[in-house]
Amino acid sequence: MKKGTVKQILLITDGCSNQGEDPVAISSHISNKGVSVNVIGVLEDMQSEDPVGLTEVNDIAYAGGGVSRIVYAEELAETVQMVTKQAMNQTIQQFVNEELQQIFGKGSDTESLPPETRGEVNEVMEELGESCNLNVLLLVDTSASMQNKMPAVKEALEDLMLSLEARNGAFQYALYQFPAKRKVVNQLLDWTADASLIHKAFPKITAGGITPTGTALHEVSKLFHANMPVALDEGEVEDGPRPTFRSS
Amino acid sequence: MDLDQLSVPLKKGTQIKGKWNHQTYIIDRKLGQGARGTTYLAFHNHKRMALKISKDPSVVSKESYILKQINKVQGMKLGPYLFDVDDCLFNDGTNYAFYTMEWVQGDSVHQLLKNKFPFNLSNIAKQLLEQLHELHKLGYVYGDLKLENILLESTSQNVSLVDVGGVTKFGRSVREYSPVYDRGYWKKGSRKSEESYDLFSLAICLLQLANSGLFDSAVKRKDLAHYFSRSTIPKPFLTLLKQVTEGKYTRANQVIVAWEQAERRLKTHRHVENVSGRFKEIGILSTFVGVNGLLLWLLL
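For the record, the sequence lines run as chains W and P.
Counting in our numbering, the first sequence runs from 1 upward without gaps.
Counting in our numbering, the second sequence runs from 1 upward without gaps.
If you're looking for bench data, these hints aren't it; they were derived computationally from the structure.
On a predicted model such as this, the values are computed, not experimentally measured, just so you know.
Treat the hints with care, as some may be off.
[What the hints assert, rightly or not] Heads up, simulated DSS-like pairs for lysine-lysine below, C-alpha to C-alpha not over 27 Å straight-line:
#1 K192/P / K242/P
#2 K192/P / K169/P
#3 K85/W / K220/P
#4 K85/W / K169/P
#5 K204/W / K220/P
#6 K116/P / K137/P
#7 K200/W / K192/P
#8 K200/W / K17/P
#9 K181/W / K200/W
#10 K204/W / K222/P
#11 K68/P / K17/P
#12 K154/W / K187/P
#13 K85/W / K68/P
#14 K154/W / K222/P
#15 K188/P / K85/W
#16 K220/P / K106/W
[Stated by the list, open to error] Some chain W residues well away from chain P (every beta-carbon gap over 10 Å; in silico):
#17 G4
#18 T5
#19 Q19
#20 K33
#21 E98
#22 S108
#23 R182
#24 K183
#25 F202
#26 I210
#27 H218
#28 H225
[Said to hold, decoys possible] Coverage of chain P stretches by chain W, computed from C-beta distances (three or more under 8 Å per stretch; other residues unrestricted):
#29 85-95
#30 140-154
#31 179-190
Glycine is no exception: its CB is placed at the ideal position from the N, C-alpha and C atoms.
Make the full structure from the sequences, and use the hints.
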């Protein structure tokens, strides 16, 4: 069986976009291309759990078929790996449900199976989640207000690498920051499978008060192109196009 | 999906009727609240059982699947016995999956530690190691080994592991873990599911049972050596647990042997201490007698 590839964008931000394209519309557009958009909102230390400025976080993820969480900086490490995993499982579950509908007809999903069978379907999904290829594009908001959260972001991304490395399936990641001087996004790391590179490539804070989240998402979504380096398992031979789990 | 919102609040007396297997359960009281669902004590034909219900049906199917796998072990009891897996349709039209299992009595050592319960560390260590060894033989790691998941029945001193949410097949990435117990958190190894992953978490558990609150500052300081230096666990155990966290042991049964050796070392050490203590006493006594003798001689 040839393995599929799960494609994700993970956006880490602490506030509202205030310039450029509408991030919710962009996110929905990206999701139609088979890439899920996941968002983590980072709270200020004394901020309440439900701040007005961060509602956009949930809207973007919802439109992008992804997962969102709003957390304090110290919970970031746990959250980043959990969101990535949860989003991947969600994509696989949708894929499996679509397959089930093809077999059993419309309206069928894992929940319409008896509990015993469901356990076995779940086991298959878990195996898929463990072995599929994963491409994650990390997009970090480095506007001035993120300054004191950067150590936590760095730690969280390093921790994410540990979890990605523990999987059986191949993974690749790229790291981008926004805003950047004279452009929307700045590349810190191109697609790579080398987890150790994350330690060196760390974003510096960009001065200025603009947060063009929508435009930044649009820019990085172009990085999931057809001829990007394909993550291969050892010894696996590529022939023809790979199936992609679409998250619709 | 919000991961904290998977709990299902149910009142005492609520009837849970299974859609597929047609069993009926009556909710008695809440036993526990986890991130992935709620566990209740329930009655089924006047028999007490534990019932776990979650808003995420995959939690129920995964956990019941694991229980079914590990219940197959002969000779040793691993995890509570699974009784039933089903869906329940509530009056308001919501449908939640649940499973029922044997009710394991006891308190979590996390709770007991708060109440300053006097633990027999060796008893807990050896029982857990034996259970981990059996689980590993099946090709699974326990994963989320932490004080909250270890149950102790105080009269029988029996230890059991509850919550199978972290149980993971060898070679996969560990499904659930908790920061302080996770070796990746301390940069002491990967999150790959292998025997040594559980052994690391076990070492952290035992260190905490010996010193309540040892890792309270772990969020600020991720330096394991610092916590070893503050531990008051007897030296032979400390040395062993240090080696465990360094990944020196790859099998649970190797640690059992090493733990027993450490116990013996501790006993001889204490014996030597007692003997040398007695020698000191004799020394003091003889000086005392000597001084008295001198005084007596002077007086005469």
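Violating hint indices (sorted, rising):
6, 8, 16 and 30
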